[in-house]
Amino acid sequence: MPKFSLFSIRASLLYLVIGGSVGGIMLVSKAIGVWPWIWYWRTAHIHAMLVGWLLNLIFGVAFWILPRLDAHGWRGSPWLVWSASGLLQAALAVLVWASIWPWSAAIAIASSLECLAAIAIAWHCWPRLQPLIIEPRPAKTSKLD
Amino acid sequence: MPTLARYYIRTAFVWLVLAFAIGIAMLTSQLWALKTNPLAALQIVFYHALMVGWVTQLIVGVAIWLFPVHSREQPRGNENVAWAAYATFNLGLGLRSIVEPLLQWAPSGLVKWAIVGAACLQVAALWLILLMLWPRVKAKVSKAK
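Quick note, the sequences are listed as chains A and B, same order. 1 is the number of the first residue of the first sequence in our numbering; add one for each residue after it. 1001 is the number of the first residue of the second sequence in our numbering; add one for each residue after it.
One thing to keep in mind: the hints can contain errors.
Stated by the list, open to error - Some chain A residues judged to face chain B by a derived CB distance under 8 angstroms, without partners named:
# : residue
1 : 24
2 : 28
3 : 32
4 : 49
5 : 96
6 : 109
Claimed, not checked - In silico lysine to any residue, SDA-like type, Cα no more than 20 angstroms apart, as pairs:
#  : chain 1 : residue 1 : chain 2 : residue 2
7  : A       : 3         : A       : 72
8  : B       : 1138      : A       : 14
9  : B       : 1140      : B       : 1074
10 : A       : 3         : A       : 75
11 : B       : 1140      : A       : 10
12 : A       : 30        : B       : 1098
13 : B       : 1112      : B       : 1042
14 : A       : 3         : A       : 73
15 : B       : 1140      : A       : 78
16 : B       : 1138      : B       : 1127
17 : B       : 1140      : A       : 1
18 : A       : 30        : B       : 1074
19 : B       : 1138      : A       : 30
These aren't lab readings, by the way, just hints derived from the structure by calculation. All C-beta atoms, glycine included, are put in the ideal place defined by N, C-alpha and C.
When you get a sec, could you build the whole thing from the sequences and use the hints?
Encoded structure:
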């Protein structure tokens, strides 16, 4: 598994447990009326699960598993996927920040960052979405020859 | 495909069917033209059946199957952790799906504490999933000596 995929998939697992734990606290709050402040974190919970968990996982698995660009296993320049990931983490950081200190522009800024991340990952993946190209190996010479 | 992955993926399909059944019930109930629609309480159950029961469980099932193996002796790591995650995940989500609408329909102390129990089971399941998958997100498949 390449370095970017390791980072992205591990980040996605962390978002799953952190976002899910926030959701669990929200559910407890709904049932017994404790910690009402947790409801400010609702948007952050939804984004952590839909963007942090799902998109990070998809980015990581896509970079790892999509067809390579040549017979040497070149996946393409990784700067685009790292940029996509950076934009995604920045969007999530903005949302978490805005959950704690409400900020009216947060949703617009976070959505714009997520949109840029989508463009970057699409740009990286586009040339890799092709039939598998494997250059034929030179024919082996038999030991008997 | 390993037995574990089959259980996760088949159960994910069960949640998909349940989610659509709930969706159909909610949409049909809008035709009754009631002042307050009691099935509106199922909306949160619908979202979680779809995104947690179906999407997340399918992803975890496929990850168990396709992620790099942990070791030759234990290709999927400690399977007890994976089975514990499976049980807590589905018990938590199932219990939540039953008791969360009851909080609106027939609230009681028992319902409230059942929701707290469901929340704890769901959060525990996510941490067990992290424990199960984290060691399998790695650069190379380790080979037994």
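Tell me the hint numbers this structure goes against, listed in increasing order.
5, 6, 18 and 19
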